[in-house]
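Chains Z and R, in that order, are what the protein sequence lines are.
So the first sequence is numbered by my numbering: it starts at 1 and just counts up by one.
So the second sequence is numbered by my numbering: it starts at 1001 and just counts up by one.
Here are the computed lysine-lysine pairs in the DSS-like style, where the Cα-Cα straight-line distance is at most 30 Å: (1) Z:Lys144 / Z:Lys163; (2) Z:Lys144 / Z:Lys221; (3) R:Lys1419 / Z:Lys221; (4) R:Lys1419 / R:Lys1332; (5) Z:Lys221 / R:Lys1332; (6) R:Lys1403 / Z:Lys221; (7) R:Lys1403 / R:Lys1332; (8) R:Lys1403 / R:Lys1419.
In short, the hints are calculated from the structure, not lab data.
These numbers were taken from a predicted model, which means no experiment stands behind them.
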Amino acid sequence: MIALRYRCESRGIGFSLTEVNIGDSFDPAAFDLVLIGGGQDREQRRIADDLARRGEGIRMAIEDGLPALVVCGGFQLFGRRYIDQAGEIIPGIGVFDLETRHPGPVADRCIGDVVIETAEGEVVGFENHGGRTYLAPGQAHFGKVRYGAGNNNGDRTEGARHKNAIGTYLHGSLLPKNPALADALIVAGLRRRYGPGVGLEPLEDTAETGAHANAVRITEKRRS
Amino acid sequence: MTNPRTAAAVVAGKLASAASRALRRGGGTALPGLVAERVDPALVAHLGRTLGRGRIVVTGTNGKTTTSRIIASAMDADAMPYVHNREGSNLMRGMASTLLAEAGTTGGIRGARDTAGLFETDEATMPAAVAALQPRVLVFTNLFRDQLDRYGEVDTVAGLWRTALERAPRDATLVLNADDPSVAELATGWSGPVHWFGLDDPAYATDSAGAYDARWCACGGDYRYDRRYFAHVGHWRCTKCERRRPSPQTSASAVRLGLDSARLSIDGQETVTMPLTGLYNVYNALAAVAACRAFGIGDEAIRQGLAHAQPAFGRQEVVEIEGRRLRLYLAKNPAGANQVLFLLREIARERPPLKVAVLLNDRYADGQDVSWTWDVDFEVLATSAGRWWAGGDRAEDLAVRMKYAGWERPAAVEHEAGKLLDAILAGTDRGDDVFVIPTYTAMLDLRAELHGRGAVAGRLE
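Chain Z extracted, bound-state conformation:
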């Protein structure tokens, strides 16, 4: 959020933020970008019900090219369903064709630094999730895992993408340390509104690229 604001305002692009809480009215088509984060299990259930009511509108806006970044719990709820430890099914809104299963207490959470290769280049972040996500055939992933567990600690995929919507388990100040990803979201939002000719001027990113490179270095050392 803070990175998107900075990267817009530094270029003279106006930025306004609307926080949507449970029960608030919200027309996704009116926005240029949507972000959804994760939460604890207790919060997740409340948000699932609320999101289900908005599912149709969000799906339509995303088909229309609305950029979205949904992280962790938000990513899981953008799939078809989440099956929790007790086997209970929490339906998702089906933006992505995937399902997430919690393996129960027998398996460890996937926790640690991650490096993946994406269409926006190398992306670094931190994952911390109990659920294992499985993409349906034909569902595009967000990135290929170089270091880390990714969706299910098996098929080396991480996250999912559909049109301009990206779902991922990565956080850890994701956008500040991956400025190319932040810019890709901003450009997608601008092009949807103003047409394909829109571009962004580069920013001075020494601090950002330094933190990115350091994170890669630390991850390589720890994970190899």
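Model the placement of chain R on the given structure of chain Z, informed by the hints.
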């Protein structure tokens, strides 16, 4: 009479301790306990329960060590003998080490009948520690998001605490922070006595409350605040059910925060000055006073205890090197870091701009997920932090964080403590104060470096 297995465990632990010292493995506060627990897995119960004055356990996300030290200081003033895991080794094996260090070779603790037990306890260790120690007083300081990769979630910790309460003696006293709704929830269903503590000082109410870790009441309602001090701490009430901040038996008012000390009035009595500052230490003082009262320590000893409390390792410790004063403020999580920043902002009102060093490591003991730094309001120091240095394994992450927080560019970005210290010395003059905010292992590294240069006279605890 000492159980033979316990006696054997004590001997084994003491041998391990001697061997560890002989091998100069040093600092190993947990190893002897680990060895002894192999011989007698119930060592903490067997030795701990012989402490006839009763046991106190102190837990919470922040303030465990300092609260325990203030209680210890009051016990000193009261001339009450006690056993205390003072080094902050707060898992079962650390408690075992503490207990066996006090035991004689026959396995028992001398004078145990008249001795009290004081145990700082890791949040996740509470169920085991409470079952073993059967404490008379249980102190819960606060519940914030800590190192998520270690404990899972705030709700997980709350669940562990409820498990601990199921194993506590029915007549034990809970000492609870009335201003923290997550802690206050522990009283629900507790039939024994509860001693509440809280702050009653409108001067510290704020609108910019920072990271927020208790959005909803157990009933599903939202919390509203008549007065908010920081994060989710303040005078709260649920918008849906009857729950609201209980009226505390122990409260503080007339708080004045200084550079090295704070003044406060307990229950409106004559003010007392303690050699610790920051609103978080006022809460630690309140928790300690409430615990002492619940434990039967007299008011005069408590006042003395507050007046002579000593900062714990790396918490408001002042280290002199080449004429500079490095002031260390350990910050382990967003709530703790925000408290330090609010304190520095207060200090900066009289002497801006401050010279600041921030050190971020992401090793196991720090929490490996550095995204917590984005829940810290570094913005509050944007105008009062002048020259600053970024240190630790994740120094570059800090450079980005501060860029967004509106700080100037760092004077240096250095991973190694030695190089960082050189940079700080090069950028300061004799007589300067440098406010250092390190994570746990970054503090250990910096302290080791300072020690190596002869700057820390005291031993590493």
